[in-house]
Amino acid sequence: MATAIFHKWLTHFTDTKKCSSNTLYSNASKGHQSLYFHHYHRPVCQGCCYLSMNGCREGHEQHARARKPVGTIETRTLATVASPAMAMYSLNLAISELKSAPFGTSSGIVRVQVPIEEQVEAIDWLHSQNHLLLPRCFFSGRKHSPNGEANLVSVAGVGSAVFFSQPHPFSYWDWISIRRFLSERCPLVRAYGAIRFNAEAKVSSEWLAFGSFYFVIPQVEFNELEGGSMLTITIAWDNDLSWSWENAINALQETLCKVSSSIVNFPKQTPPTLILSSHNIPSKVDWDLAVNRALQMIERNDSLLTKVVLARSTRVVPTSDIDPLAWLSCLKVEGENAYQFLLQPPNAPAFIGNTPEQLFHRKWLHITSEALAGTRARGASQALDRQIELDLLTSPKDDIEFTIVRDTIRRKVEAVCERVVIKPEKMIRKLPRIQHLFAQLSGRLRREEDEFEILSSLHPSPAVCGFPTEEAQLLIAKTEVFDRGMYAGPVGWFGGGESEFAVGIRSALVEKDRGAFIYAGTGIVEGSSPYLEWDELELKTSQFTKLLKLDLPQRQKVDCK
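The sequence shown begins at 1 in the UniProt record's numbering and counts up by one.
It is possible that part of the hints are untrue.
What the hints assert, rightly or not - Computed list of lysine to aspartate or glutamate pairs in EDC-like fashion (alpha-carbon distance at most 16 Å, straight line):
#  : residue 1 : residue 2
1  : K426      : E448
2  : K430      : D385
3  : K512      : E334
4  : K268      : D124
5  : K284      : E480
6  : K202      : E480
7  : K546      : E254
8  : K363      : D450
9  : K99       : E334
10 : K363      : E448
11 : K478      : D286
12 : K540      : E334
13 : K363      : E480
14 : K512      : E206
15 : K546      : D323
16 : K426      : D399
17 : K268      : D323
18 : K284      : D450
19 : K68       : D240
Claimed, not checked - Here are the simulated distance ranges between beta carbons:
#  : residue 1 : residue 2 : range
20 : T545      : Y89       : 22 to 32 Å
21 : A380      : C257      : 24 to 34 Å
22 : G228      : K363      : 51 to 61 Å
23 : S83       : P271      : 41 to 51 Å
24 : K363      : N337      : 13 to 23 Å
25 : E538      : T105      : 37 to 47 Å
Read the hints as simulated data drawn from the structure, not as lab findings.
Computed from a predicted structure; not experimentally measured.
In this text, a Cβ means the ideal position worked out from N, Cα and C, and glycines have one as well.
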């Protein structure tokens, strides 16, 4: 069985004709487009490529001028202060000085930062801004992972100095729109955001505010450092895109007046909550049917499909509103070797997650990516945990799934990088609840401008879509009856000399008065069992469901047909 599926996978890679017809990226010269991104290859603009910011696009006459980097890019560091309250005072003075001496350029971005001696958690600062009806974001990289500044732990932001969101698939020109405001000289000016799993899929109401992609450079940002903290403000403007210096400085001043400098450590736990309803889409019965249909397609001799990742959406409605920051803080407690994130446009639900999977990290020209596949629970004892680890390492089914993911990522990285190295080639990555098969890949970009190509090439990976990509995504579109939105899409940040993206799995969409949508997926390959895959979904969503009291009478727990 394993030999047959491996042969199908190998045949796909060695048949260049088939391979070229199933890559996720497009051949721009033929006018084809990916379901995930527009223009894998850097396109020549022929009057149809426009830049944007804050929802506005430049007019045709400003097009060539607006494609260049903004005129002013600057970071100012003020004197270190003892507390966040004193930092707020310093920043208010700085705004008054900036208003009295505006910049002469028609576009720019300026960051003003105040180091703080007191060490404050970024999530506590963000929770203290819960009264604000402003867009907000949070990102925390892995412990001890490189994040531009060696001692940067977490970042929280409110308001938007500039945001980028459109209904069309994320394109090269959207990437350029963001990159104009970033510079190696200002490494902590970053655009945080996410991209839909499939930009061509029908958008459901809960995901409308995010567009096909959503990135934001916060107006007010709090940086949690290993030995202190930092409070910052950012001003961005571009006259050609209908956002002047006066608009930007006045909007920032209005936001800063609403920001609280009183920060309280809030408990990293959720209050007891009863659930009014819990709905799975698909239901257990429909899941079994979907997995069996996928297995039938995988086993067909005339099908190239070797793996497909099917997902489930679980909507829970509690008796009281869920605080997404309370959920995120609980995830952060057990988030070692994982990324925690929150992304919330204005008047929209919050997309939160605790994902173990890195899509890529770029530092100058150096690129790293990861392959993650195969899932087991952690053992209750050290001996049992080791036994489960050995079972995962020696499982033929999991080895095939993992090999497909690792080698597909390798080929994609090799397409845009030099000297690709896989080390380790296969090992166990242990998380608090789960353990996975894991490999790390590294390479060197030929040029920094290839960042868009590495992003568009790596998403979607076989770990969240399947293989081959085109066959897998067609089956997903035919099978799944809910909108994945940003679930399983890229989530992270772009910076000047550095960028980092994770895969938006182990995630949930939390909406006031509507509860939460909890997402999880599992890879289906030859040898998969619908029952065991359902159990894997339950295991992956347990980091959220453990925060809820799911002890209603059975009749109130409903699987949606």
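Subject >> 16 Å limit on alpha-carbon distance, applied to hinted pair K546 and D323 >> reply: Holds, at about 15 Å.
**OP:** Please work out if K363 and D450 have their alpha carbons no farther apart than 16 Å.
**Re:** holds, 13 Å
Subject >> Satisfaction of hint between D399 and K426, Cα-Cα up to 16 Å >> reply: holds, 9 Å
Original post:
Taken at face value, is the distance from the CA of D286 to the CA of K478 at most 16 Å?
Top reply: The given pair, whose Cα atoms are some 13 Å apart, holds under the 16 Å limit.
Subject >> Hint consistency between K268 and D124 [alpha-carbon to alpha-carbon, up to 16 Å] >> reply: Holds, at roughly 10 Å.
Original post:
Is the distance from the Cβ of K363 to the Cβ of N337 consistent with 13 to 23 Å?
Top reply: Cβ of K363 to Cβ of N337: about 19 Å, so the range 13 to 23 Å holds.
Original post:
Has the given pair, K268 with D323, been kept, meaning a C-alpha gap of at most 16 Å?
Top reply: Judged against 16 Å, a Cα distance of about 11 Å means the pair holds.
**OP:** For G228 and K363, compare the CB-CB distance with the range 51 to 61 Å and indicate the outcome.
**Re:** violated, 23 Å
**OP:** Starting from the hint 37 to 47 Å, judge whether the C-beta atoms of E538 and T105 obey it.
**Re:** Given range 37 to 47 Å: violated, Cβ gap about 55 Å.
Original post:
Regarding T545 and Y89, is the given constraint of 22 to 32 Å on their beta-carbon distance met?
Top reply: Check failed, 44 Å falls outside 22 to 32 Å.
Subject >> Hint consistency between K430 and D385 [alpha-carbon to alpha-carbon, up to 16 Å] >> reply: Holds. K430 to D385 sits at ~10 Å (cutoff 16 Å).
Original post:
Hey, K284 versus E480, does the alpha-carbon distance stay inside 16 Å?
Top reply: It holds: about 13 Å lies between the C-alpha atoms, which stays within 16 Å.
Checked against the numbered hints above, the structure breaks hints 1, 3, 7, 9, 13, 18, 20, 21, 22, 23, 25 and satisfies the rest.
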